[in-house]
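Line by line, the protein sequences are chains A and D.
Per the numbering used here, the very first residue in the first sequence carries number 616; after that it's consecutive.
Per the numbering used here, the very first residue in the second sequence carries number -9; after that it's consecutive.
These aren't lab readings, by the way, just hints derived from the structure by calculation.
From the three backbone atoms N, C-alpha and C, an ideal C-beta is built for every residue, glycine too.
Some hints could be false.
What the hints assert, rightly or not - Cut-off 27 Å, straight-line C-alpha distance, at most; resulting in silico cross-link-like pairs (BS3-like, lysine-lysine): (1) Lys220(D) with Lys231(D); (2) Lys97(D) with Lys19(D); (3) Lys642(A) with Lys178(D); (4) Lys796(A) with Lys19(D); (5) Lys796(A) with Lys890(A); (6) Lys96(D) with Lys19(D); (7) Lys231(D) with Lys890(A); (8) Lys796(A) with Lys681(A); (9) Lys884(A) with Lys874(A); (10) Lys120(D) with Lys888(A); (11) Lys874(A) with Lys626(A); (12) Lys796(A) with Lys231(D); (13) Lys890(A) with Lys220(D); (14) Lys884(A) with Lys231(D); (15) Lys888(A) with Lys97(D); (16) Lys120(D) with Lys796(A); (17) Lys642(A) with Lys220(D); (18) Lys642(A) with Lys626(A); (19) Lys178(D) with Lys884(A); (20) Lys626(A) with Lys120(D); (21) Lys220(D) with Lys884(A); (22) Lys874(A) with Lys890(A); (23) Lys888(A) with Lys796(A); (24) Lys890(A) with Lys120(D); (25) Lys97(D) with Lys120(D); (26) Lys888(A) with Lys220(D); (27) Lys120(D) with Lys178(D); (28) Lys231(D) with Lys888(A); (29) Lys231(D) with Lys642(A); (30) Lys796(A) with Lys874(A); (31) Lys642(A) with Lys19(D); (32) Lys120(D) with Lys96(D).
Unchecked claim - With the Cβ distance kept under 7 Å, some of the chain D side facing chain A (calculated, not the full set): (33) Arg21; (34) Ser57; (35) Leu60; (36) Ala93; (37) Phe95; (38) Cys217.
Here is what each chain is made of, one letter per residue.
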Amino acid sequence: MRAAIATARVKGRPVYAFLGRSFALTKRYWPWEMTWLLYSSAMVLSIGFLAVGMERVSGIAVPVDKVLVYLLTGSLLWQYLSELFWETSNIISYERWEGTIEYTFMAPISRLTHLFGMSAFAACYAGARLVVLVGVCLLMFDLDLRGANLLGACAVLAISTLSLVGLGLMAACLPLMYTEKGMQMTSVVEAALLMVSGVYYPIEVLPGWLRFFSQFSPMTYTLQGMRAALLEGAGLGRLWGDILPLAVTAVVLIPLGLKVFAIAEAYCKRHGKLKRSG
Amino acid sequence: MCHPVPLMVRDVTKAFTQRRRREGGANGKARAITALSSVSMEVERGEIYGLLGPNGCGKSTLVRIISTLLLPDVGSAAVFGRDVVRDAAAVRRLVNRVSVEAAFFKKLSPTENLLYTARLYGLDPQEGIKRAYGMLAQVGFPMNRVHDSVEDLSRGQQQKVAIVRGLFTSPVLLLLDEPTTGLDPQSKREVQAFLRSVMRDDGATALFTTQDMEEADRLCHRIGIMCDGKIIAEGTPEELKALVRKGSLPQPSLEDVFLQLAGKSLEAPENE
């Protein structure tokens, strides 16, 4: 048992290298982290106030409590997804800017370990921010979560994170291949994904040709599952209809993300694009 | 049984595509820039092999290929018999690189950067840091600054940390890409003395690129002179000087050798 723990510690060192480094960088930039958290809070609260003000805007009675949870779920998940994508691709951009990208790419670790370390931090970071934003929402709004299946919602989010990591790996290719504009391109991917997934509306309101793409987005099932758990208290039986597609997309997207990243890396090594920094 | 040499490069060629810029900034016709042209060389065990040449001659390109950061178009390179393309993972376990740009996470301290490296290379962090601190002291780094942000250090101090970072993981083949460029004379001497002692004590092998002829003469067992992507001459410093020595005239310097063989100075414009 001791030998197994010792082996795990040695094997885990490279993964912890990325976690430790990214955590140290986050600490260094803490004023910017606070500012960014304030910005995210403002974005989420604005959506919440949209729900609260809907009766006044529309002039008709609306179930404000339900609409509030519905819209906040979308907004909070958008924040979570964008942080996951941002952190995964940001570290590539940041390393390029610092000139350390070559040093990391020539380290004696597998690309799986490298990307796992990056993704692990991205998931922890996005999760920590999500907890803070949920806390802000609980303070600002009188959320009616009676009957909500909170564990079920967390399970949906946890499974969803795996498929989002796969997408994040593919998005991380963009700053790898396109030095100047790659980071911004991940926002395009994120926005398109959320639009077809029904971030603030049921996907049924989308025109048919857009709704076609909804079935391929893991965020569709994440939003459906979390809303069912929070608004209806849906149990595992009902949530399984969303958890299964998420598990399947994770099994497909993670290896696909690794493969796409490997292709992007080979392209960069062929054309000398790893050299460029700043 | 024949033991593989630390580094074998065979007919490596590498070209990059570059687009000419038209007036007004629009992209023009693409052209191929040849960075390396059929380069072949070998580095023996325990040797410091110097690559001498002006900016843009292909030294860094060759180092990047050996580091597995760049794929050659033609030819092969092998580190202890492991091909840098097919066995890249194995090669990465054997090499480390110190480049002319001291690339760090500048907001982090030398200690944090070195801890990152130690974990990345699978070293015990505490043991690794202890070894790194010992080396930092040897190269004259002010130890009261190991917890300051790297961005607050001078260029020379940063480069010393970079050199220690390259060495404390005990690589079998060290790739030193102009590691003393930008250092003041005192720091240069400290680093050179340190490199000599580490190479001697650890039995490591090194490929050392530089534009400093005197440094190459002092440090390297053999030197390859590069020009326009080719190795135009190779040998010990004495052998190279003998190529251009004329009768009873004073012994030429390596600079004389380079000027004679390449027909240009080391300050030739960069063409990458």
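Here is what the structure says about each hint:
no., hint, result
1, Lys220(D) with Lys231(D), "19 Å, holds"
2, Lys97(D) with Lys19(D), "41 Å, violated"
3, Lys642(A) with Lys178(D), "34 Å, violated"
4, Lys796(A) with Lys19(D), "23 Å, holds"
5, Lys796(A) with Lys890(A), "16 Å, holds"
6, Lys96(D) with Lys19(D), "38 Å, violated"
7, Lys231(D) with Lys890(A), "35 Å, violated"
8, Lys796(A) with Lys681(A), "39 Å, violated"
9, Lys884(A) with Lys874(A), "15 Å, holds"
10, Lys120(D) with Lys888(A), "35 Å, violated"
11, Lys874(A) with Lys626(A), "23 Å, holds"
12, Lys796(A) with Lys231(D), "50 Å, violated"
13, Lys890(A) with Lys220(D), "21 Å, holds"
14, Lys884(A) with Lys231(D), "37 Å, violated"
15, Lys888(A) with Lys97(D), "24 Å, holds"
16, Lys120(D) with Lys796(A), "41 Å, violated"
17, Lys642(A) with Lys220(D), "47 Å, violated"
18, Lys642(A) with Lys626(A), "26 Å, holds"
19, Lys178(D) with Lys884(A), "32 Å, violated"
20, Lys626(A) with Lys120(D), "21 Å, holds"
21, Lys220(D) with Lys884(A), "21 Å, holds"
22, Lys874(A) with Lys890(A), "22 Å, holds"
23, Lys888(A) with Lys796(A), "14 Å, holds"
24, Lys890(A) with Lys120(D), "31 Å, violated"
25, Lys97(D) with Lys120(D), "22 Å, holds"
26, Lys888(A) with Lys220(D), "22 Å, holds"
27, Lys120(D) with Lys178(D), "24 Å, holds"
28, Lys231(D) with Lys888(A), "38 Å, violated"
29, Lys231(D) with Lys642(A), "55 Å, violated"
30, Lys796(A) with Lys874(A), "22 Å, holds"
31, Lys642(A) with Lys19(D), "47 Å, violated"
32, Lys120(D) with Lys96(D), "21 Å, holds"
33, Arg21, "14 Å, violated"
34, Ser57, "5 Å, holds"
35, Leu60, "6 Å, holds"
36, Ala93, "4 Å, holds"
37, Phe95, "6 Å, holds"
38, Cys217, "20 Å, violated"
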